[in-house]
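Protein chains: 2
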Amino acid sequence: MAIVLAVDLRGGDHGPKPIVEGIKRFLSETDDVEVLAYGLKGDAPYAEGVHRLFFRECSEEITANEKPTMAVRTKKNSTLVKAVEAVKAGEAYGVVSPGSTGAVLTAGYLLLGRIKGVKRPMLAVPMPTLTGEPFVFGDLGANADVRADFFPGFAILGRVYYEAMLSKENPSVYLLNIGEEEEKGKQVVKEARELLESYDWFGGYVEPHQVWEGGYEVVITDGFSGNVFLKTAEGVSHLVTGVLKEEIIKGGFLTKLGAFLLKGVLGKMKTRFDYKTYGGAPFLGVKGLVMKMHGRSDEVAVYSAMKVMYRLAKADIVGRIEEKIASGGE
Amino acid sequence: MAIVLAVDLRGGDHGPKPIVEGIKRFLSETDDVEVLAYGLKGDAPYAEGVHRLFFRECSEEITANEKPTMAVRTKKNSTLVKAVEAVKAGEAYGVVSPGSTGAVLTAGYLLLGRIKGVKRPMLAVPMPTLTGEPFVFGDLGANADVRADFFPGFAILGRVYYEAMLSKENPSVYLLNIGEEEEKGKQVVKEARELLESYDWFGGYVEPHQVWEGGYEVVITDGFSGNVFLKTAEGVSHLVTGVLKEEIIKGGFLTKLGAFLLKGVLGKMKTRFDYKTYGGAPFLGVKGLVMKMHGRSDEVAVYSAMKVMYRLAKADIVGRIEEKIASGGE
Numbered sequence: 000m001a002i003v004l005a006v007d008l009r010g011g012d013h014g015p016k017p018i019v020e021g022i023k024r025f026l027s028e029t030d031d032v033e034v035l036a037y038g039l040k041g042d043a044p045y046a047e048g049v050h051r052l053f054f055r056e057c058s059e060e061i062t063a064n065e066k067p068t069m070a071v072r073t074k075k076n077s078t079l080v081k082a083v084e085a086v087k088a089g090e091a092y093g094v095v096s097p098g099s100t101g102a103v104l105t106a107g108y109l110l111l112g113r114i115k116g117v118k119r120p121m122l123a124v125p126m127p128t129l130t131g132e133p134f135v136f137g138d139l140g141a142n143a144d145v146r147a148d149f150f151p152g153f154a155i156l157g158r159v160y161y162e163a164m165l166s167k168e169n170p171s172v173y174l175l176n177i178g179e180e181e182e183k184g185k186q187v188v189k190e191a192r193e194l195l196e197s198y199d200w201f202g203g204y205v206e207p208h209q210v211w212e213g214g215y216e217v218v219i220t221d222g223f224s225g226n227v228f229l230k231t232a233e234g235v236s237h238l239v240t241g242v243l244k245e246e247i248i249k250g251g252f253l254t255k256l257g258a259f260l261l262k263g264v265l266g267k268m269k270t271r272f273d274y275k276t277y278g279g280a281p282f283l284g285v286k287g288l289v290m291k292m293h294g295r296s297d298e299v300a301v302y303s304a305m306k307v308m309y310r311l312a313k314a315d316i317v318g319r320i321e322e323k324i325a326s327g328g329e
Numbered sequence: 000m001a002i003v004l005a006v007d008l009r010g011g012d013h014g015p016k017p018i019v020e021g022i023k024r025f026l027s028e029t030d031d032v033e034v035l036a037y038g039l040k041g042d043a044p045y046a047e048g049v050h051r052l053f054f055r056e057c058s059e060e061i062t063a064n065e066k067p068t069m070a071v072r073t074k075k076n077s078t079l080v081k082a083v084e085a086v087k088a089g090e091a092y093g094v095v096s097p098g099s100t101g102a103v104l105t106a107g108y109l110l111l112g113r114i115k116g117v118k119r120p121m122l123a124v125p126m127p128t129l130t131g132e133p134f135v136f137g138d139l140g141a142n143a144d145v146r147a148d149f150f151p152g153f154a155i156l157g158r159v160y161y162e163a164m165l166s167k168e169n170p171s172v173y174l175l176n177i178g179e180e181e182e183k184g185k186q187v188v189k190e191a192r193e194l195l196e197s198y199d200w201f202g203g204y205v206e207p208h209q210v211w212e213g214g215y216e217v218v219i220t221d222g223f224s225g226n227v228f229l230k231t232a233e234g235v236s237h238l239v240t241g242v243l244k245e246e247i248i249k250g251g252f253l254t255k256l257g258a259f260l261l262k263g264v265l266g267k268m269k270t271r272f273d274y275k276t277y278g279g280a281p282f283l284g285v286k287g288l289v290m291k292m293h294g295r296s297d298e299v300a301v302y303s304a305m306k307v308m309y310r311l312a313k314a315d316i317v318g319r320i321e322e323k324i325a326s327g328g329e
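Heads up: the protein sequence lines correspond to chains F and D, in order. Going by numbering that gives the first Met the number 0, the first sequence opens with residue 0, and the numbers climb by one from there. Going by numbering that gives the first Met the number 0, the second sequence opens with residue 0, and the numbers climb by one from there.
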């Protein structure tokens with residue numbers, strides 16, 4: 000039986016066209032998937048004549064500047080709400096949207112609800128390391144304020160995601176902190192550590208500069224620190240390449256020749272840090288697979304996000320989370 | 000009258016030798032400074048025969064693995080405690096140590112106490128940007144748990160440091176957050192924003208990926224997020240250069256030639272991100288100038304830290320903080 004995936008064509012920075020292009024590319028490589036694409040009236044022609052792509056017309060969209068809760072509650076016929084409702088109705092296994100993080104999380108949370116036993120769903124993503132083995136990192140910002148008792152749930156969600164995404168069993172979980180000693184860090188982190196100590200798979204604290212070395216499979220933190228971590232990493236990698244570019248422009252002929260010869264290497268480096276490689280971040284712990292992709296997503300990013308969603312659907316990530324949460328993380 | 004600065008020769012990863020070398024280099028460029036160097040008996044020969052360098056023998060040292068409060072309280076004759084006491088006694092204007100952050104902050108806090116009106120001292124440092132203009136960033140980790148009413152104090156400390164360090168008046172202060180809209184972020188940040196709104200120089204929220212663009216003079220946050228920010232930036236810049244190096248090693252002759260031609264540029268890039276450029280971070284808000292330098296500090300880093308301390312001493316940063324705090328930040 001075909002896997003059905005829903006895609007919200009609206010809410011992205013570049014409109015529906017690159018999204019449909021990404022879907023087409025993805026569909027051309029798979030034969031057991033159907034895609035439901037939720038767009039506005041004028042978007043229909045993009046999707047026309049594509050095998051296994053079904054266009055669903057909606058009458059409104061949620062834009063980046065709207066207050067999420069209000070928008071999701073009042074715009075019942077928006078592309079985002081309709082796409083998430085397809086998951087709720089069992090028509091689609093999962094949904095991906097380029098809309099604002101707030102709107103996507105709110106729609107997932109309000110329309111699908113939490114999986115029983117999950118205190119707070121979290122947003123997670125794989126991050127690159129020096130060894131090439133990614134680590135799973137969350138929460139990326141769904142929970143700016145946290146309690147210590149949220150953390151065992153975050154850990155279990157991260158573990159299931161790691162297993163489904165990277166096909167490796169029994170990953171260890173580390174708690175992000177600003178020192179390795181027990182007495183270091185803020186109160187909520189120390190309390191979370193105490194709660195996590197009872198699990199075999201808990202590996203202790205890890206610091207933000209260590210995670211890139213590889214070997215830390217799953218790293219969890221509160222949504223505020225997680226978002227600071229993600230955006231700092233993004234900012235610094237841009238800064239480093241920006242400064243490099245600037246120095247090359249200022250340089251003489253030999254510097255420019257050197258840059259030309261290194262073009263392939265610099266390109267490869269970019270790929271390794273590019274969010275497009277994974278395309279999207281799942282909102283783990285709600286009753287259905289909900290993924291947020293970057294607002295700037297282009298064809299490649301959408302294609303990658305679809306591949307990730309396909310993989311997570313095949314692994315039945317929602318069912319796995321239900322099982323693991325029910326068994327208390329064992 | 001000469002400015003007197005105290006230096007703790009112990010607690011660093013490479014022993015006292017590179018520290019004394021850094022002091023010598025600094026002294027050779029100034030003629031109105033005297034340095035008091037606190038070391039163990041065997042360290043005396045390094046400092047011998049250097050003009051304006053006075054060796055002070057101590058009988059013990061505080062090592063990296065000791066609990067800070069216990070160590071500072073019981074090791075009364077350690078190099079760190081003696082060096083900080085020189086500031087307390089008015090013998091030296093400031094002190095710099097390569098010891099553990101915990102030990103240096105504890106010694107500063109317990110032995111010197113807070114400046115009247117400062118709720119919590121903070122650790123701050125200048126960070127690089129794409130434009131070349133640095134921004135002042137704190138708290139780097141002195142206050143893992145915070146209350147909203149600490150933030151106006153952090154802002155004033157950051158402003159005074161910016162003015163003394165960069166010789167520019169009236170910088171704006173921004174509050175680190177994970178979104179720009181008022182309703183974004185964690186509770187304590189929203190409350191801090193409300194308190195900061197009453198100051199002319201408050202510029203609002205800034206996100207961790209934006210600060211590198213330049214134009215944000217002073218950026219403040221809680222010590223946990225600040226330490227995550229600092230260590231993520233450090234980790235990612237190592238990761239990017241590590242991956243670049245790895246790709247060059249894997250590459251063929253032309254790639255290696257390209258790397259050779261870009262050597263100067265890559266070196267310049269390293270300098271721009273190197274902590275050695277500023278050498279040390281002051282612990283602002285205690286009654287005296289206390290600076291922490293990196294445990295891995297080599298001659299160049301020590302030299303830079305001495306220059307920063309000299310500059311802050313000349314600007315009488317402690318007196319300026321007292322004034323600004325007394326006048327409520329106006």
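You may find that some hints are simply not true.
Repeated chains share a single entry, so a pair holds when one copy, or any two copies, can fit it.
What the hints assert, rightly or not - Under the rule of at most 30 Å between Cα atoms (straight-line distance), these lysine-lysine pairs were calculated in the DSBU-like manner:
hint : residue 1 : residue 2
1    : Lys118    : Lys183
2    : Lys262    : Lys313
3    : Lys75     : Lys255
4    : Lys249    : Lys40
5    : Lys66     : Lys189
6    : Lys167    : Lys306
7    : Lys244    : Lys255
8    : Lys189    : Lys244
9    : Lys87     : Lys183
10   : Lys244    : Lys66
11   : Lys323    : Lys249
12   : Lys249    : Lys306
13   : Lys87     : Lys306
14   : Lys75     : Lys16
15   : Lys262    : Lys249
16   : Lys183    : Lys115
17   : Lys244    : Lys167
18   : Lys87     : Lys16
19   : Lys118    : Lys189
20   : Lys75     : Lys183
21   : Lys189    : Lys23
22   : Lys244    : Lys262
Hint data in this document are derived by calculation from the structure and do not stem from the laboratory.
Structure-based check of each hint:
1. Lys118 with Lys183: both (26 Å within a copy, 21 Å between copies)
2. Lys262 with Lys313: For Lys262 and Lys313, the Cα distance exceeds 30 Å both inside one copy (38 Å) and across copies (47 Å).
3. Lys75 with Lys255: neither (55 Å within a copy, 58 Å between copies)
4. Lys249 with Lys40: The answer is neither: 50 Å in one copy and 51 Å across copies each exceed 30 Å.
5. Lys66 with Lys189: Between copies, since 17 Å is at most 30 Å while 34 Å is not.
6. Lys167 with Lys306: within (18 Å within a copy, 52 Å between copies)
7. Lys244 with Lys255: both (10 Å within a copy, 18 Å between copies)
8. Lys189 with Lys244: Cα proximity of Lys189 and Lys244: none, with 42 Å in one copy and 37 Å across.
9. Lys87 with Lys183: The answer is between: 28 Å across copies meets 30 Å, while 43 Å in one copy does not.
10. Lys244 with Lys66: neither (38 Å within a copy, 45 Å between copies)
11. Lys323 with Lys249: neither (56 Å within a copy, 42 Å between copies)
12. Lys249 with Lys306: between (41 Å within a copy, 29 Å between copies)
13. Lys87 with Lys306: within (21 Å within a copy, 63 Å between copies)
14. Lys75 with Lys16: within (24 Å within a copy, 71 Å between copies)
15. Lys262 with Lys249: both (17 Å within a copy, 14 Å between copies)
16. Lys183 with Lys115: between (33 Å within a copy, 27 Å between copies)
17. Lys244 with Lys167: between (38 Å within a copy, 29 Å between copies)
18. Lys87 with Lys16: The answer is within: 26 Å in one copy meets 30 Å, while 68 Å across copies does not.
19. Lys118 with Lys189: both (19 Å within a copy, 24 Å between copies)
20. Lys75 with Lys183: between (47 Å within a copy, 24 Å between copies)
21. Lys189 with Lys23: neither (48 Å within a copy, 43 Å between copies)
22. Lys244 with Lys262: both (11 Å within a copy, 14 Å between copies)
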